Amino acid sequence: MAKPTEWKEQNNSDVMHLFLDHGILSVNDITGHTGISHGCAVGIIQRLLQEGKIIRTEDQPSSGGRKSKRYMLNADYMQFGLLALECGEQNYRIRASVYDLRGGHRYDRTHRSSEGSWTFVRRVIRAMLSASSETGFLVLSIPGVCRDGFIDVCDFEGLSGMNLNNRIEKEFHIPCMMENDINSAVIGLIHHHPEYQSAALLYQPSSHYVGCGLMVNRTLYKGHTSFAGELRYLPCYTHEEQDRMLKEDPQKLLLLQAETITAVMNPELIGYCSDADDVTLSFEHSAIPENHRPMLVKITNLNEQIDAGLYRIGMKYIRSIV
357 MAKPTEWKEQ
367 NNSDVMHLFL
377 DHGILSVNDI
387 TGHTGISHGC
397 AVGIIQRLLQ
407 EGKIIRTEDQ
417 PSSGGRKSKR
427 YMLNADYMQF
437 GLLALECGEQ
447 NYRIRASVYD
457 LRGGHRYDRT
467 HRSSEGSWTF
477 VRRVIRAMLS
487 ASSETGFLVL
497 SIPGVCRDGF
507 IDVCDFEGLS
517 GMNLNNRIEK
527 EFHIPCMMEN
537 DINSAVIGLI
547 HHHPEYQSAA
557 LLYQPSSHYV
567 GCGLMVNRTL
577 YKGHTSFAGE
587 LRYLPCYTHE
597 EQDRMLKEDP
607 QKLLLLQAET
617 ITAVMNPELI
627 GYCSDADDVT
637 LSFEHSAIPE
647 NHRPMLVKIT
657 NLNEQIDAGL
667 YRIGMKYIRS
677 IV
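In the numbering used here, the protein residues as written are 357 to 678.
Hints were generated in silico from the structure; no laboratory data involved.
Here the structure is a predicted model, which is why all the values come from computation and not from measurement.
Where is the CB? At the ideal position from N, CA and C, for every residue including glycine.
Hints should not be assumed to be uniformly reliable.
Stated by the list, open to error - Simulated crosslink set (BS3-like; lysine-lysine; CA at most 27 angstroms straight-line):
| id | residue 1 | residue 2 |
| --- | --- | --- |
| 1 | K409 | K425 |
| 2 | K603 | K654 |
| 3 | K654 | K578 |
| 4 | K409 | K672 |
| 5 | K364 | K409 |
| 6 | K672 | K526 |
| 7 | K425 | K364 |
| 8 | K672 | K364 |
| 9 | K578 | K608 |
| 10 | K654 | K608 |
| 11 | K578 | K672 |
Stated by the list, open to error - If you anchor each label on the Cβ, the simulated ranges turn out as follows:
| id | residue 1 | residue 2 | range |
| --- | --- | --- | --- |
| 12 | E604 | S369 | 49 to 57 angstroms |
| 13 | R523 | S563 | 21 to 29 angstroms |
| 14 | G379 | R574 | 18 to 26 angstroms |
All chains, please: the whole structure from these sequences, using the hints.
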C-alpha cells in the first residue's frame, strides 16, 4: 500500500501534468480531471505556488457568481535548450534555441563552422548558456547513429566515436539527451498527424545517403543497437550505385526505398523530403498492392519536423521530473 507521502507526490505530479496538457486550470478543473477532493486540490495548488511551478492568472466568472481563481505554469520555472546539428555542402551548422515551460522562445540562433568538431559544439553551448543561464537541460539531434550518448557514424566527423553526453554533462554540469536527426523528425511528423499510429520518414540529402526514422504504435523504433533506418546499408544496391542513382534519378531511388519500408514495416504514413529538385513520390505504378500502400506526405520543411520532435522529447523529459 502506498504511503501518504507517496500519494501526495503522485497527486502533485498528476496536477503538474494537467497544467502541461491544458495550460490554465481552476481548482474545479483539477477536481474534475483527477477526482481528488476540493480540499486536496487547494493544498496542491498552494504547494505548487510556493515551489514556483505555477502562478495565479486572471480570475474568470463562475456559475456561482463569484470569480473562479485560475492558475497557469510559471514560464520561468524551467527552460530547456534544443540543438539541431546539420551538415551542409559548405559548412557545419547548429541551430540553437531555448524554450520556457509554456513554449515561449528565449533564445534562437544559428551557428556555423568549417569543422564538425567538439570544439564547435562546446562553443555553441557556451553561447546558449551565457544568453540563457536558467537553461535546465539540453536536447540534441545528431546527423548520425547515436546510442546512450555515444556517437558511432556521424556527419560531424569530429564527434564520431565520442560519448557526447558525458562530455557535455561533465563540462557544463547539465543533463543532456540526444537523438538521431531523422528520428527526431519522425517524432515531429507523427505529432503533427495524431490520426496515425505508425509512420516512417525518409530524408534524401543532396550529397549523403538517405536517412529514415520509424514509429510503431506512436513509439520510436530504433532497433537493438539504434541502427534501424540506416537505408544506406540495404543490400539491394552498392554505395556506388546509390551515388549514381542520386545524381541521375533521385526520385526512383527514393521510391525504391519507400517501397522497401512499406514491404518490411507496412506503416500507415510515410513522410518524405528530398533536397533534389522535383521529387514527388507516387505508388500508382508500384508492385505494392493498393490496399497495403501508406499515405504519402511530401515534407517541404524538414527543420520544422526536427524542431517539433526535439521539443516533444524535451517535454517528455519534463513530465518525468515534475
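Hints, one by one, checked against the model:
At most 27 angstroms may separate the alpha-carbon atoms for a hinted pair to count; K409 and K425 meet this at roughly 16 angstroms. Straight-line distance between C-alpha atoms of K603 and K654 comes to about 20 angstroms, which keeps the hinted pair within the 27 angstroms bound. Using a Cα cut-off of 27 angstroms, the hinted pair K654 and K578 holds, with the two alpha carbons roughly 23 angstroms apart. A hinted pair counts as satisfied when its Cα atoms are at most 27 angstroms apart, and K409 with K672 qualifies at roughly 17 angstroms.
Annotation: proposed proximity of K364 to K409 holds, straight-line Cα distance about 16 angstroms (limit 27 angstroms). Between K672 and K526, the direct Cα distance comes to roughly 23 angstroms. Compliance with the 27 angstroms bound is thereby established for this hinted pair. At roughly 22 angstroms between alpha-carbon atoms, K425 and K364 fall within 27 angstroms of each other, so this suggested pair holds. A hinted pair counts as satisfied when its Cα atoms are at most 27 angstroms apart, and K672 with K364 qualifies at roughly 22 angstroms.
Proposed proximity of K578 and K608 is supported: the alpha carbons are some 26 angstroms apart, at most 27 angstroms. A distance of roughly 15 angstroms separates the Cα atoms of K654 and K608; the hinted pair therefore holds under the 27 angstroms criterion. Our distance criterion of 27 angstroms between C-alpha atoms is met by K578 and K672, whose separation comes to about 18 angstroms. As the Cβ distance of E604 to S369 is approximately 56 angstroms, the hint placing it in 49 to 57 angstroms holds.
Hint check: R523 to S563, Cβ distance near 28 angstroms, so the stated range 21 to 29 angstroms holds. For G379 paired with R574, a C-beta distance near 22 angstroms keeps the hint of 18 to 26 angstroms intact.
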